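Student: If you want the building blocks of each chain, they are given just below.
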Amino acid sequence: MEKNHNVSRRQFLTYTLTGVGGFMAAGVVMPMVRFAVDPLLQADAADDMVDVAAVDELTEVPQAYDLEYEQDQGWHIEQVSETVWLFLEGDEVVALSSVCTHLGCTVNWGTDPDNPEQFFCPCHLGRFERDGNNVPGTPPTEPLHRYPLEVRDGRVFLGTNAQPQI
Amino acid sequence: MLQRIYDWIDDRVDVTPLWRDVADHEVPEHVNPGHHFSAFVYCFGGLTFFTVVIQILSGMFLTMYYVPDIVNAHASVEYLQSDVAYGMIVRGMHHWGASVVIVMVFLHTLRVFFTGSYKKPREINWVVGVLLFFIILGLGFTGYLLPWDMKAYFATQVGLEIAETVPVIGELLYTLLAGGEFIGAQTLTRFFAIHVFFLPGALLALVAVHFIMIRRQGISGPL
Ligand code: HEM
Ligand code: FES
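Protein chains in written order, with UniProt numbering: chain Z, 1 to 166; chain A, 1 to 223.
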């Protein structure tokens, strides 16, 4: 038996009007939504290496250096300056981020009188060993991040995105 | 599923009458272009509202990137137009829509005028309509400054000098609108506030009054 394929006038109008209306609404809203989510879909900026220090200035004791670079913020170029801890581990140069891995305060070297050989974060008394490993029992849960690093002609070049050590 | 969510809510707060009231309201034959094609002139009010909705939506999205500051305003508009996906379209909607609103308001006003719909008992709605027209002109005037380019600056210069020619209060009016003795940083922030908060707020309030009165009084006619 042939099924009843009749569509009532009311159904037909409901389908066509919601269909056409849906297309029109999508045509209006879709560009605006894509416009709004653009930051999610923009490619990450290329990570240029920045000249930060000469290798012969460095010692076994971490010293603070400024990592300065330009950050593209759409209609504005921001001059960013980040503090980086540089030191020698044997012949290796190590560049640790100064951003505490607990909640993002800035760590300092040797400012806790009880632990002069550690990084210290004043916010919640977080501590890190010289190699960046977090001291168990203090708030941070992972080591300080490290910057991508290259030594060219006796100068230390750093990438601008510090990476987790694990 | 959707039906059950709807029923659950409807059970408690009885929303059906709210939309039924709108959905079951019959369109009178004399304003329905399906019956008499010439009745399309009755669409201009709805088309005005439609373009206003587009202005409000596209304006809200533009505000995500736009900065109301003399240093960054132009750069932010240039960035959102040329570097953000669909920026040219979203700004284009707002830019061209601003003119379309005026055209639609004008056609709607002509229809109301030539059908005599401003007569008793609808005088108040004519007055509300005129206020809406002024608000929309105000939105066009204040919005025009926001891209902070030469055209924007000098159009505002001219507009404010026109305001200054008002007898007695002209100079006060200029200072109040410009936020000082000259067009600058304070004018831009002021126009931005008026453009995105004050006038849209007033516009929505008056549109509500406009529509409530139309439901109360019905559409005029037939001729
Ligand atoms: C009937 C309503 C409106 C009209 C007639 C209108 C008109 C205008 C005009 C003529 C411009 C200048 C555009 C250009 O030169 O390209 C403009 C810019 C702007 N408008 Fe509106 N507008 C309306 C509503 C709104 C609303 C509700 C918002 C925000 C909530 C908004 C946000 C903006 C912004 C951020 C700009 C600067 C960006 C640009 O210039 O492209 N507008 N508007
Ligand atoms: S932010 Fe450093 S210890 Fe909490």
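It should be emphasised that the hints constitute simulated quantities derived from the structure, not laboratory data.
Computed from a prediction, not measured in an experiment: that's the story for all the values here.
Positions of the beta carbon are idealized from the N, C-alpha and C atoms, including for glycine.
There's no promise every hint is true.
[Said to hold, decoys possible] Label-pair ranges, simulated between beta-carbon atoms:
(1) A:Leu2 to Z:Phe12: 18 to 24 angstroms
(2) Z:Gln42 to A:Leu173: 23 to 29 angstroms
(3) Z:Val80 to A:Asp21: 54 to 60 angstroms
(4) Z:Arg10 to A:Leu173: 54 to 60 angstroms
(5) Z:Arg9 to A:His25: 47 to 53 angstroms
(6) A:Arg111 to Z:Phe12: 56 to 62 angstroms
(7) Z:Arg10 to A:Met1: 22 to 28 angstroms
(8) Z:Val61 to A:Thr189: 33 to 39 angstroms
(9) A:Gln186 to Z:Thr111: 50 to 56 angstroms
Student: Of all the hints given earlier, name the ones this structure violates by number, lowest first.
Tutor: 2, 5, 6, 8 and 9
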